[in-house]
Amino acid sequence: MVERLCRSLNQRDTISVKDPKAIPAGAALIGKAIDILEAISHNGGAADHALLSKSCNLSRPTLYRILQALSARGLVRPADSQFMLGYGFLDMATQVWASSDLTTVAAGELKRLRDITGETAYLAVMEGAGVLSIGRFQGAHSKRSSAALGSVKPLHCTSQGKAFLAHLPQAQRDRLLEGSLVALTERTITDPILLDVELAKTRARGYALDDEEIVMGTRCVGAPVLDDSGMPIAAVSVAGPSFRITLARTEYLGQEVKEAAHHIAARLTPRKVGQVSALDYLPVTEQPGFHGLDPHWNAKSGVLSWADRYASALLQRDTSGLVTEAATFSKRIEAFAMTKAVGPAVFHEDEVVFPELGRRTPFIGFKVLAGCADQADNLWVSTSENRLGRLRADGSLIDTIDLPCAATSLAAMQDRSVFVVSAEGGSLHRFDPTTRRLRLFANISRAAGMPSGVADAGDGGYWLALTGGWSVLRLNDVGEISQSSALPIADATGLCVGEDGRALFVTSARHRLRREELIHAPLSGHVFRLPVGTG
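When we follow our numbering, the leftmost residue of the sequence shown carries the number 1, and every step to the right adds one.
These are calculated hints, taken from the structure and not from any lab test.
Hints are not guaranteed to be accurate.
Unchecked claim - Computed spacing ranges between beta-carbons, pair by pair:
{"#": "1", "residue 1": "230", "residue 2": "424", "range": "37 to 47 Å"}
{"#": "2", "residue 1": "230", "residue 2": "502", "range": "22 to 32 Å"}
{"#": "3", "residue 1": "434", "residue 2": "185", "range": "32 to 42 Å"}
{"#": "4", "residue 1": "301", "residue 2": "243", "range": "29 to 39 Å"}
{"#": "5", "residue 1": "107", "residue 2": "171", "range": "49 to 59 Å"}
{"#": "6", "residue 1": "339", "residue 2": "128", "range": "54 to 64 Å"}
{"#": "7", "residue 1": "300", "residue 2": "187", "range": "48 to 58 Å"}
{"#": "8", "residue 1": "54", "residue 2": "251", "range": "23 to 33 Å"}
{"#": "9", "residue 1": "251", "residue 2": "282", "range": "31 to 41 Å"}
{"#": "10", "residue 1": "424", "residue 2": "242", "range": "12 to 22 Å"}
{"#": "11", "residue 1": "424", "residue 2": "351", "range": "46 to 56 Å"}
{"#": "12", "residue 1": "301", "residue 2": "515", "range": "53 to 63 Å"}
Said to hold, decoys possible - Straight-line C-alpha distance at most 27 Å; calculated BS3-like pairs for lysine-lysine:
{"#": "13", "residue 1": "258", "residue 2": "300"}
{"#": "14", "residue 1": "143", "residue 2": "300"}
{"#": "15", "residue 1": "143", "residue 2": "54"}
{"#": "16", "residue 1": "143", "residue 2": "111"}
{"#": "17", "residue 1": "331", "residue 2": "300"}
{"#": "18", "residue 1": "111", "residue 2": "258"}
{"#": "19", "residue 1": "300", "residue 2": "340"}
{"#": "20", "residue 1": "32", "residue 2": "54"}
Please read these numbers as outputs of a predicted model, since none were measured by experiment.
Every residue gets a Cβ at the ideal spot worked out from N, C-alpha and C, and that includes glycine.
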């Protein structure tokens, strides 16, 4: 950290103390003091009088006076016959980004980027009309990008700089770029109109590209870290030789860098705790059930539907508040989904039943733990062998993938992804049917409870039900907890958003609770309505 601070004093685009002609009158002593500090730093953090006098070209009397002044300020400390950098540097260094803890928050994402890509990952902030590098995780290859920490680079020809420029107001962008579009390579964009086109592309795709524009043979992909107002506060990037970072590969790297930037931004945003009064979560059912499951809201009819696992029934609540049994079954219900074309789909361990059609489809060679229907009415199920797949009309599975642990529930989102909830693993995974990629979206601490169901909030976020947690959680678009709302029951088993996003309906369970536990949670088994949508 101390070495980085010392290097930055010499590498920033300011006056160089190494050039006596560039030092303003009266400032020579400052340059000599910095020379001494750099000499100590470059010598492993300790140097004696002889080395300092020789390397800094200072007489012994001048050297002694400067060392005495630096020692008094805590910037140098004597140790035996040598001088070492003082602890005062630590005090200053810890304040560099103390207000947002940016470097600490970003470190994990930079390491992840480095590990995934094998290339060097960087963190930068705006510094005047350039970008200042403040964090770096070096790549695994011997031939790699190794830009110095503390160095300031131009905005117009770096991926980090373009990431900033693309999200700044036009007037501010024009001021920063006035007269500064210098060609550093034959590929540098120096035409303001072409640069505006490039920045528009950057905004649209969410990441920027430096295509050998500052150093020939090196490509860099960067993305902005945006605050709540959409203004850039930092940028992350990966860089490496162009023979490894091909133009085709930049598309994939762009998604990884963009995701890392989102994660950093989310961790810089404080978590909210929902203040919910007892009146806010009064049940909407008159009688409790055994184990509510997979609630669904019908926006056209205003009807709320859900299943009771152990009562083996499908229930509905109409606009008047009347709850009725829509259908009953002879076997335990594992999951319930609502399709557009054929209405309810009720999953048992060995078959799926369509009560409105009077039809059932036995499963071929597997047992079901959870199920859901996506926007195209495809039915997805998870099996007891920890596999996820799409159900065919004959009861067989296609497009199957392995799951890391048993699924508690499944939910299809508006973006066509399928979320896999695991109480056992305390995890939430996101499956993209297009790329067939399964990715960990969130880990939930056992202290919060065990995840039991998830719902699309409709605004880029998600709601998560918990068993044993006495609450529901709000997750942001990168899986970070942004809000916690209290419940009067321990076990929330499922949830859905209804009433045009104004309400969250939560099912619960009471079948496993002992009598003494029901004393503290007498409303267990009911369905609850929580007001949401106000932030």
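We went through each hint and held it up to the structure:
no., hint, result
1, 230 with 424: 37 to 47 Å, "holds (39 Å)"
2, 230 with 502: 22 to 32 Å, "holds (25 Å)"
3, 434 with 185: 32 to 42 Å, "holds (37 Å)"
4, 301 with 243: 29 to 39 Å, "violated (59 Å)"
5, 107 with 171: 49 to 59 Å, "violated (34 Å)"
6, 339 with 128: 54 to 64 Å, "holds (58 Å)"
7, 300 with 187: 48 to 58 Å, "holds (55 Å)"
8, 54 with 251: 23 to 33 Å, "violated (53 Å)"
9, 251 with 282: 31 to 41 Å, "violated (50 Å)"
10, 424 with 242: 12 to 22 Å, "violated (45 Å)"
11, 424 with 351: 46 to 56 Å, "violated (24 Å)"
12, 301 with 515: 53 to 63 Å, "violated (39 Å)"
13, 258 with 300, "violated (37 Å)"
14, 143 with 300, "violated (60 Å)"
15, 143 with 54, "violated (35 Å)"
16, 143 with 111, "holds (18 Å)"
17, 331 with 300, "violated (30 Å)"
18, 111 with 258, "holds (15 Å)"
19, 300 with 340, "holds (12 Å)"
20, 32 with 54, "holds (13 Å)"
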